[in-house]
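Enquirer: Model the placement of chain B on the given structure of chain A, informed by the hints.
Chains A and B, in that order, give the protein sequences.
0 is the number of the first residue of the first sequence in numbering that gives the first Met the number 0; add one for each residue after it.
0 is the number of the first residue of the second sequence in numbering that gives the first Met the number 0; add one for each residue after it.
Since the hints were made in silico from the structure, they are not lab data.
Nothing here was measured: the structure is a model prediction, and the numbers come from that model.
Every residue, glycine too, gets a C-beta built ideally from N, C-alpha and C.
All clues stand as given, with none of them false.
Covered by chain A, according to a simulated footprint, are these stretches of chain B (three or more residues, beta-carbon under 8 angstroms):
1. 3 to 17
2. 37 to 46
3. 49 to 57
4. 70 to 76
What follows is the residue order along each chain.
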Amino acid sequence: MLSVEEAADLIAAIAARQDRAAFEALFRHYAPRVKAFVMRGGADAEAAQEVAQETLIMVWRKAASFDPTRASASTWIFTIARNKRIDLLRRGTRPQIEVEDWLSAFAGEAQDADKSVEAEQTYIKVKAILADLPADQLAVIRKAFFEDKTHTVIAEEMGLPLGTVKSRIRLALGRLREKIEKDER
Amino acid sequence: MSRHRAPEELLLDYAAGGLAEGPALAVAVHVALDAGARRMVDRLGMLGGALLDGEGEAVIGEAVLQQTLARLDGVAVEARTERAPAAAGPAWTPEPLRRYLGTASKWRHRRMGGFDEMPLRLHGDSHRASLLRLEPGRGLPRHRHIGDEYTVVLQGGFTDTTGSYATGDFCVGPDEIHEPIADAGEPCIALIVLANPIVLTGPIGRYLNPLVRRGWL
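Pulled out of the complex, with its shape left as it was, chain A reads as follows (with noise of 0.2 angstroms):
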């Protein structure tokens, strides 16, 4: 298992010096968990291993642009593995937003030394948060993360109420935003 320091350290190794055995190690932890994550949206296994390898490949190119202030090694992958999805998957049914549209979005922001350690807490309590949920809203979020359905969709799919879909996922994210802002104060 990689800690969240010990990832970034491989980034910043390929960001620094092309660092080959860092990718690897970012490889036999990564690329089997960015094929889980897109066969659980229904994916087959081969597709799924083609979004790892150009998810994993992206994360070469892309290695000096990381930031551990702005996010975790995890989060970052995560975002690269979503857009690759999207554009491997559903391509011509679903543009989307740009990864860079999307992260710069965070650019801009006070970024220091201390940035980095505060994102690596928060990236683990959310860790905590999550392990936490109840099982009702932990359904419906990795609904969402793993198949890239919206509410909409999901409250059909699940046979649910809209409304009860929509309060599920507030709960969810009220109880990650009162664990973060009350760590906070």
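Expert: Just chain B, lined up with the frame of chain A:
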């Protein structure tokens, strides 16, 4: 002044990658302008990262790793891209909108509606997107929404029966009839993304419906 933020379920749809291009653009622009929405999307990205991290691994053979390593020979590690200094575009244009504004983008005056419009080009046909510009005190014809409508204020503000919307605010089209009027001050400029044609219901608006159906309004 109370802020109107995009509903959280829509921020989730955006962060998870489920939105079509039009609504995704509206949310991206809102997120660029609103720090609170940005924080939430940031956390949602962490949630995505946590789900990626902790929900299992699929098998990837050693051959795939070797094949990928071989491909790296032809792939350069790109130098860090500094954020492009404000590209061409007026001050009210947030980053995600800029790539939609070409040199050919121009305001067109809609005499019947009493406003200016700049249509944007989306790739699919599920939604239409436009920038609208309203002089202070001017309103849009009364209309009712059939499909979803997403509005983000880029400059100035407007008021309708549901409240007042300032720069950065997000509005999901209400199901009821509404008649937004631009606030005093600068002209109100807004990004509007529509899922379906809207149907005008006012005494004059009714006669504009043929224009709506032809995509002129």
